[in-house]
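Student: Each chain, written out:
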Amino acid sequence: MSKEASTRTAREFHNTKRLGAWTAAWLVTLALVAFGPVYLWDKEPLITSAFIVINLGIGGGMIIANIRFVADLDELQKQIHLEAMGISLGVGLVVGLSYSMLDITNLVSWNAEISHLVFVQGITYLVAMGNAHRRYK
Amino acid sequence: MKNRLKVLRAERDWTQAQLAEALDVSRQTINAIEKGKFDPSLPLAFKAARLFGLSIEDIFEDEEA
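Note that the protein sequences, when read in sequence, are chains Y and S. Take 2 as the starting number for the first sequence in the working numbering and just add one per residue. Take 98 as the starting number for the second sequence in the working numbering and just add one per residue.
Some hints could be false.
Pulled from the structure, derived: some chain Y residues nowhere near chain S, Cβ distances all over 10 Å [unchecked claim]:
(1) Trp23
(2) Val39
(3) Leu77
(4) Leu83
(5) Tyr100
(6) Leu108
(7) Gly131
(8) His134
(9) Tyr137
In the SDA-like style, the derived pairs of lysine to any residue whose C-alpha atoms are separated by at most 25 Å in a straight line are [as the list claims (entries may be wrong)]:
(10) Y/Lys18 x S/Lys134
(11) S/Lys103 x Y/Leu74
(12) Y/Lys18 x S/Gln125
(13) Y/Lys79 x S/Lys144
(14) S/Lys144 x Y/His82
(15) S/Lys144 x Y/Leu74
(16) Y/Lys79 x S/Lys132
(17) S/Lys103 x Y/Thr10
(18) S/Lys132 x Y/Gly131
(19) Y/Lys138 x Y/Tyr126
(20) S/Lys134 x S/Trp111
(21) S/Lys103 x Y/Glu76
(22) S/Lys132 x Y/Ala129
(23) Y/Lys44 x Y/Val29
(24) S/Lys134 x Y/Lys44
None of these hints come from the bench; they were simulated from the model. Cβ atoms here follow ideal geometry from the backbone N, Cα and C, with glycine treated the same way.
Make the full structure from the sequences, and use the hints.
Tutor: Given below as structure tokens:
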């Protein structure tokens, strides 16, 4: 029994570590794309383009790492993640479009940025995960 | 769905963690199944039946039947 246990624990640890590494790399390259042109390479378009391509590539790696992470979860964990993903996708779509409409119709003075949507989706995902974990506790 | 997982586990003096390890699932999943909050898939139910040397019907009971 203990051999199977260590295998699952080791797999979970490995998958989480791999996803964390890809996410960190993606965030670093995203920060480089956002701030690099101003602070590091004086808006040189070729360097900016190269970092956007690198960021996209690493983003692809992060997506694959996430797919592998979810695929190796057990069935209850998968259900919890699926519920959380469904809720965050729905909230992101509905709230995102309504928020965009506020901007388009000039009902708000600021611009509706994509980062606001990412923030809403992230918070929604965390809350939904917390609720699901409590439900199955 | 009712089940006898907790009783069978106690008879063998196994912890939830040990059963989880044997079935290759998380301890949270075993706890949720024992409390009737989560119904396992058919493959997991078969796996549990094999582990305890019983049939699925000996472990799980359909409350609607």
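Student: Which earlier hints can't be squared with this structure?
Tutor: Result: hints 3, 8, 9, 10 and 24 break, sorted rising.
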